[in-house]
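**Q** Residues per chain, in single letters:
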Amino acid sequence: MALKIIVCIKTVALQAPDTKGRIPREAYTLNPFDQPALEAALELKETCGGHIAILSMGPPWATAALREGLALGIDRAVLLSDPGLAGSDTLATSTALAAALERLKPWDLLLFGSRTADGDTGHVGPQTALGLDVPMVTGAGKITLAGEELRVERKADGLVENFHMDLPGAVTIHPGGWHLREISLGGIEISYSEGTIENWSLADIGLEPDRVGENGSPTRVFSTRPIRRDKACAFIEGPPSEQADQLVDQLKDQGLLD
Amino acid sequence: METQLSEKLRIIKNSTRSFCDRELRPIAREIDQEGRFPWEAADKMGALGYFGIQAPRQLRGAGMDTLAYATVIEEISRVCAAMGLCVSVHNSVALFPILKFGSDRQKTRWAPDLATGKKIGAFCLTEPNAGSDASGIEAVARRDGNAYVVNANKVFVTNGGIADICLIFVRTAPEKGPRGISVLVAERGMSGFVVGDREDLTGMRANPVTSIRLYDCRIPSGNLLGREGQGLGIGLAALDAGRIGIAAQAVGIAQGALEEGARYAGQRQQFRRSLAGHQSIQNMLADMAVDVEAARLLVHQAARLRDAGKPFSQAAAMAKLFAAEAAGRVTDHGVQILGGYGYSKSYAVERYWRDARVTRIYEGTSEIHRMVIARGVMERYGQ
Chain Y
1 MALKIIVCIK TVALQAPDTK GRIPREAYTL NPFDQPALEA ALELKETCGG
51 HIAILSMGPP WATAALREGL ALGIDRAVLL SDPGLAGSDT LATSTALAAA
101 LERLKPWDLL LFGSRTADGD TGHVGPQTAL GLDVPMVTGA GKITLAGEEL
151 RVERKADGLV ENFHMDLPGA VTIHPGGWHL REISLGGIEI SYSEGTIENW
201 SLADIGLEPD RVGENGSPTR VFSTRPIRRD KACAFIEGPP SEQADQLVDQ
251 LKDQGLLD
Chain E
1 METQLSEKLR IIKNSTRSFC DRELRPIARE IDQEGRFPWE AADKMGALGY
51 FGIQAPRQLR GAGMDTLAYA TVIEEISRVC AAMGLCVSVH NSVALFPILK
101 FGSDRQKTRW APDLATGKKI GAFCLTEPNA GSDASGIEAV ARRDGNAYVV
151 NANKVFVTNG GIADICLIFV RTAPEKGPRG ISVLVAERGM SGFVVGDRED
201 LTGMRANPVT SIRLYDCRIP SGNLLGREGQ GLGIGLAALD AGRIGIAAQA
251 VGIAQGALEE GARYAGQRQQ FRRSLAGHQS IQNMLADMAV DVEAARLLVH
301 QAARLRDAGK PFSQAAAMAK LFAAEAAGRV TDHGVQILGG YGYSKSYAVE
351 RYWRDARVTR IYEGTSEIHR MVIARGVMER YGQ
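Just so you know, the sequences run in chain order Y and E. Taking our numbering, the leading residue of the first sequence gets 1, the next gets one more, and so forth. Taking our numbering, the leading residue of the second sequence gets 1, the next gets one more, and so forth.
These are calculated hints, taken from the structure and not from any lab test. It should be emphasised that the depicted structure is a prediction, and the values quoted were computed from it without experimental measurement. Be careful, since some hints might not be right.
[To be verified] With a cut-off of at most 27 Å between alpha-carbon atoms, the simulated DSS-like pairs for lysine-lysine come out as follows:
| # | chain 1 | residue 1 | chain 2 | residue 2 |
| --- | --- | --- | --- | --- |
| 1 | E | Lys-44 | Y | Lys-142 |
| 2 | E | Lys-107 | E | Lys-345 |
| 3 | Y | Lys-4 | Y | Lys-142 |
| 4 | E | Lys-118 | E | Lys-44 |
| 5 | E | Lys-107 | E | Lys-118 |
| 6 | Y | Lys-45 | E | Lys-310 |
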């Protein structure tokens, strides 16, 4: 069965604002947690055939991530951008994405990154799925199609859970599940010479302004400040073999070693 | 349109940078020490289009422009100048002349394999007695039926040790002097085609620079590129394109050294403050940064002129001259900033310093470029 997949992606800033609250545009990039979702989509299309679209909600200049998607072989790119969407919290974002996804039907599978590198909430995938009333599995590390149902392996805290999910459905992708392939130069050229980014506004998705933006956001962030980390040196005493054992235990406790 | 160009260039730059940081950076020191060509990385680069950056898509190239090409070469060279050299020479003086001067049959025959990196190209002009004075080459090609019998001793061939397709500059009509020079495409495996010993060079050590010798090598007449006597023109066109690539390579080397120097200056403390807190180090860092910016702008200017179909030889000569000399200054400062560690192979900056040195020599020495530029100055401003 060929799959119609939509991957929701976000353009994020990977650096903190300067003292005047500004971040240069060059510092914005595809959310790193969306990269494995794109790869999962590309692999599924290679195995099952089908069609991949990417949907992103962001400012009108946030087109680079969509161009990268087109360069990787994504079939369709939609940028949902409207001044009325500014200030949206995760709920308003999910409402907007769900409305856009309604208009992108029919589709079989929605893929989301597990969270964003800026907001870091992990809300949007599950909230959007809820808004569309489709089943969802989070933290997928493996996805296969079996007939008309999806087999999803969920990675969680040293466990692997197996799910069978009806389609249409939605999945958030575990960061370690897939590694995004390199973008080819030819792909970039085709992305710009032949690819198009569809620009959708609030009017295109038929949403009332009070359901999105600041007015549609129950949550408001008052301020952010960077965390100061003090570096401390911990010395591990003892003969080398004991030091090694202690180090391994400490790394395991911190979740840095399996 | 301008914004879109910048975004596209940024994506090209970032994707090349991320590939090189992942695939080349971990092995750059080792391949320099061992003088080993990194096939594992080269194969991946071929699949991503690095070996056919400006080749048309119908011939399996990426179909990009000169500005994109310069950006890719700069980013590769920022991490590994030897691979930047390989890719630059392959694209600009091996593949490009075939695309510009080759017949449709020749393009179909050679370009796809070159553009995908399945075959590597080389440019064979220099001889023991003919460097800057290229018209002094002694290689001869005698027509014999439907082939040329070629005897040639070409030296300092970049990519020589791995090249499958070599553009050989020969005299097909010795009596005509420079107008009797032609280009023949020789392929590894032809009888009489010998790859000579590898040069033991100060820098660019991962690139297998060798001599290429032809002993009564029969090259089919169908391998003549362009027309007999067109060799000089082909060579000049190739080198014009090539010097933008080499200039971009020099910018990449300088950029890499600037980053190494700045990073160290921020960490190392002497006299109770970081090196970056000392004015003499600040002066060096500032001069390095300006050199890199100015060199990059000259490269981009030459690239833009070429992409616009305008005369660009002067701009390319200026870019190459300036960028190569800037790379020398910047890498020298880089070594100085790192002090004793700058002289140690445990730190990358000495490799940048060694790699930079040859950029003033190949694809036209600085002295040759000054001659070219002076001629342009007199044409423009002289009485």
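**Q** Taken at face value, is the distance from the CA of Lys-142 (chain Y) to the CA of Lys-44 (chain E) at most 27 Å?
**A** holds (25 Å)
**Q** Next pair to validate is Lys-107 (chain E) with Lys-118 (chain E); report whether the Cα-Cα distance is within 27 Å.
**A** Since the Cα atoms of Lys-107 (chain E) and Lys-118 (chain E) sit roughly 15 Å apart, the hinted pair holds (cutoff 27 Å).
**Q** Checking one constraint from the list: CA of Lys-107 (chain E) to CA of Lys-345 (chain E), max 27 Å. Satisfied?
**A** violated (43 Å)
**Q** Quickly compare the C-alpha distance for Lys-4 (chain Y) and Lys-142 (chain Y) to 27 Å and report which way the hint goes.
**A** With a Cα-Cα distance of about 18 Å, the restraint between Lys-4 (chain Y) and Lys-142 (chain Y) holds, given a limit of 27 Å.
**Q** For the pair supplied as a hint, Lys-45 (chain Y) and Lys-310 (chain E), is the alpha-carbon distance within the 27 Å limit?
**A** violated (44 Å)
**Q** Does Lys-44 (chain E) lie within 27 Å of Lys-118 (chain E) when you go C-alpha to C-alpha?
**A** holds (11 Å)
Hints 2, 6 from the list above are not met by this structure, while the remaining hints are.
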